[in-house]
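Can you build the whole structure from these sequences, using the hints too?
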Amino acid sequence: SQTIHQWPATLVQPVGSPLSLECTVEGTSNPNLYWYRQAAGRGLQLLFYSVGIGQISSEVPQNLSASRPQDRQFILSSKKLLLSDSGFYLCAYTGTAYTEAFFGQGTRLTVV
Amino acid sequence: ILNVEQSPQSLHVQEGDSTNFTCSFPSSNFYALHWYRWETAKSPEALFVMTLNGDEKKKGRISATLNTKEGYSYLYIKGSQPEDSATYLCAPKGYGGSQGNLIFGKGTKLSVKP
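Those protein sequence lines, which keep their order, are chains U and Z. The letter at position 37 of the first sequence is residue 37 when you use the numbering used here, and the numbering goes up by one with no holes. The letter at position 85 of the second sequence is residue 1085 when you use the numbering used here, and the numbering goes up by one with no holes.
Hint data in this document are derived by calculation from the structure and do not stem from the laboratory. Incorrect hints may appear among the rest.
To be verified - Here are the in silico distance ranges between beta carbons for each label pair:
hint: 1; chain 1: U; residue 1: Asp71; chain 2: Z; residue 2: Gly1079; range: 42 to 50 Å
hint: 2; chain 1: Z; residue 1: Arg1061; chain 2: U; residue 2: Gly16; range: 43 to 51 Å
hint: 3; chain 1: Z; residue 1: His1012; chain 2: U; residue 2: Gly16; range: 37 to 45 Å
hint: 4; chain 1: Z; residue 1: Lys1057; chain 2: U; residue 2: Gln2; range: 35 to 43 Å
hint: 5; chain 1: Z; residue 1: Asn1053; chain 2: U; residue 2: Thr96; range: 14 to 22 Å
hint: 6; chain 1: Z; residue 1: Asn1029; chain 2: U; residue 2: Ser65; range: 38 to 46 Å
hint: 7; chain 1: U; residue 1: Gln70; chain 2: Z; residue 2: Gly1079; range: 41 to 49 Å
hint: 8; chain 1: U; residue 1: His5; chain 2: Z; residue 2: Glu1039; range: 14 to 22 Å
hint: 9; chain 1: Z; residue 1: Gly1054; chain 2: U; residue 2: Ser65; range: 40 to 48 Å
hint: 10; chain 1: Z; residue 1: Thr1022; chain 2: U; residue 2: Ser65; range: 29 to 37 Å
hint: 11; chain 1: Z; residue 1: Lys1069; chain 2: U; residue 2: Ser57; range: 25 to 33 Å
hint: 12; chain 1: Z; residue 1: Thr1022; chain 2: U; residue 2: Ser57; range: 23 to 31 Å
hint: 13; chain 1: Z; residue 1: Asp1017; chain 2: U; residue 2: Lys80; range: 47 to 55 Å
To be verified - With a straight-line Cα cutoff of 35 Å, these simulated DSBU-like cross-link-like pairs (lysine-lysine) come out:
hint: 14; chain 1: U; residue 1: Lys80; chain 2: Z; residue 2: Lys1058
hint: 15; chain 1: Z; residue 1: Lys1109; chain 2: U; residue 2: Lys80
hint: 16; chain 1: Z; residue 1: Lys1113; chain 2: Z; residue 2: Lys1078
hint: 17; chain 1: Z; residue 1: Lys1042; chain 2: Z; residue 2: Lys1057
hint: 18; chain 1: U; residue 1: Lys80; chain 2: Z; residue 2: Lys1042
hint: 19; chain 1: U; residue 1: Lys79; chain 2: Z; residue 2: Lys1042
hint: 20; chain 1: Z; residue 1: Lys1042; chain 2: Z; residue 2: Lys1069
hint: 21; chain 1: Z; residue 1: Lys1106; chain 2: U; residue 2: Lys79
hint: 22; chain 1: Z; residue 1: Lys1113; chain 2: Z; residue 2: Lys1042
hint: 23; chain 1: Z; residue 1: Lys1042; chain 2: Z; residue 2: Lys1078
hint: 24; chain 1: Z; residue 1: Lys1106; chain 2: Z; residue 2: Lys1042
hint: 25; chain 1: Z; residue 1: Lys1069; chain 2: Z; residue 2: Lys1057
hint: 26; chain 1: Z; residue 1: Lys1109; chain 2: Z; residue 2: Lys1078
hint: 27; chain 1: Z; residue 1: Lys1042; chain 2: Z; residue 2: Lys1059
hint: 28; chain 1: Z; residue 1: Lys1057; chain 2: Z; residue 2: Lys1078
Built from N, CA and C at the ideal position, the CB exists for glycine as well.
Listed below in structure tokens is the structure:
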């Protein structure tokens, strides 16, 4: 069966510190992978997506970056966090263009 | 950048009422239209994936239609129950021919009072 793991569940980081959130998928190959963020009072914003290893598309300019070092691993990073990076981060994957997305459990990031 | 509009932003109904929401998008140039249900403190869960103009999908009391020519999709809930309370999200998949992207609207937040 297919599963998606995302960690950590919660994170409190000081301004200026680095960030690394990891997402892994099991049970499928060559998935489309996604990072979303929900800021307070806002909708679900697409940050990055990847259709293959090393292929990253950015939807919104920001101080975040994403990498896909392996087929089923997607990493969201920042070198220096800003207060505005606080929010709820979700990783997701789809199998094909015509199948639904499955989401991880999310990471609540608070930058202090 | 694709702008996906959902209306209304929020909706308060009584148990037993039927309701519907709208998802509108400026172009039919995408692979599929997705609907998700997002409960508080949980992750979004897929309801429907629709691909063709005129598609209609149904799951229990919830159904959806897709009109790609005029650029909208409707989600219907018949006989709302308190457990239907959630935010309902729509998202075109692969907008502009870019197969990967999946861009969500801001959602409609439904509250069903017993």
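Checked hints:
1. For aspartate 71(U) paired with glycine 1079(Z), a C-beta distance near 44 Å keeps the hint of 42 to 50 Å intact.
2. Under the hint 43 to 51 Å, the C-beta atoms of arginine 1061(Z) and glycine 16(U), about 50 Å apart, fit the expected range.
3. Taking the beta carbon of each, histidine 1012(Z) and glycine 16(U) are about 42 Å apart, inside 37 to 45 Å as hinted.
4. In this structure the hint that lysine 1057(Z) and glutamine 2(U) lie 35 to 43 Å apart at CB is violated, the actual value being about 21 Å.
5. The given range of 14 to 22 Å is respected by asparagine 1053(Z) and threonine 96(U), whose C-beta atoms sit roughly 20 Å from each other.
6. In this structure, asparagine 1029(Z) and serine 65(U) break the distance hint of 38 to 46 Å, their C-beta atoms being roughly 28 Å apart.
7. About 46 Å separates the C-beta atoms of glutamine 70(U) and glycine 1079(Z), a value consistent with the hinted range of 41 to 49 Å.
8. With their beta carbons about 20 Å apart, histidine 5(U) and glutamate 1039(Z) fall inside the hinted range of 14 to 22 Å.
9. In this structure, glycine 1054(Z) and serine 65(U) meet the distance hint of 40 to 48 Å, their C-beta atoms being roughly 41 Å apart.
10. Distance hint for threonine 1022(Z) and serine 65(U): a CB-CB separation of about 35 Å, consistent with the stated range 29 to 37 Å.
11. The supplied range of 25 to 33 Å is met by lysine 1069(Z) and serine 57(U), whose beta-carbon atoms lie about 28 Å from each other.
12. Under the hint 23 to 31 Å, the C-beta atoms of threonine 1022(Z) and serine 57(U), about 28 Å apart, fit the expected range.
13. The hint said 47 to 55 Å for the Cβ distance between aspartate 1017(Z) and lysine 80(U), and at roughly 49 Å that hint holds.
14. Proposed proximity of lysine 80(U) and lysine 1058(Z) is contradicted: the alpha carbons are some 46 Å apart, above 35 Å.
15. Proximity of lysine 1109(Z) to lysine 80(U) is assessed by CA-CA distance (about 34 Å); at most 35 Å being required, the pair is judged to hold.
16. The hinted pair formed by lysine 1113(Z) and lysine 1078(Z) meets the criterion: a straight-line CA distance of about 15 Å does not exceed 35 Å.
17. Among the hinted pairs, lysine 1042(Z) with lysine 1057(Z) is consistent with the structure: their alpha-carbon atoms are about 24 Å apart, no more than 35 Å.
18. Taken as a hint, the lysine 80(U) and lysine 1042(Z) pair is honoured in the structure, with Cα atoms around 28 Å apart against an allowance of 35 Å.
19. Restraint check: the Cα-Cα separation between lysine 79(U) and lysine 1042(Z) comes to about 29 Å, which is no more than 35 Å; the hinted pair holds.
20. As the CA atoms of lysine 1042(Z) and lysine 1069(Z) are separated by approximately 34 Å, the hinted pair is consistent with the 35 Å bound.
21. As the CA atoms of lysine 1106(Z) and lysine 79(U) are separated by approximately 29 Å, the hinted pair is consistent with the 35 Å bound.
22. A threshold of 35 Å between alpha carbons decides the hint, and for lysine 1113(Z) with lysine 1042(Z) the separation of about 20 Å falls inside it, so the pair holds.
23. Simply put, lysine 1042(Z) and lysine 1078(Z) have alpha-carbon atoms about 23 Å apart, close enough for the 35 Å limit, and the pair holds.
24. Our distance criterion of 35 Å between C-alpha atoms is met by lysine 1106(Z) and lysine 1042(Z), whose separation comes to about 17 Å.
25. Taking the CA atoms of lysine 1069(Z) and lysine 1057(Z), the gap is near 18 Å; set against the 35 Å cutoff, the hint holds.
26. At most 35 Å may separate the alpha-carbon atoms for a hinted pair to count; lysine 1109(Z) and lysine 1078(Z) meet this at roughly 16 Å.
27. Restraint check for lysine 1042(Z) and lysine 1059(Z): the C-alpha separation of about 20 Å stays at or below 35 Å, so the hint holds.
28. Distance hint between lysine 1057(Z) and lysine 1078(Z) is fulfilled; the C-alpha atoms sit about 14 Å from each other, no more than 35 Å.
Of the numbered hints listed earlier, those contradicted by the structure are 4, 6, 14.
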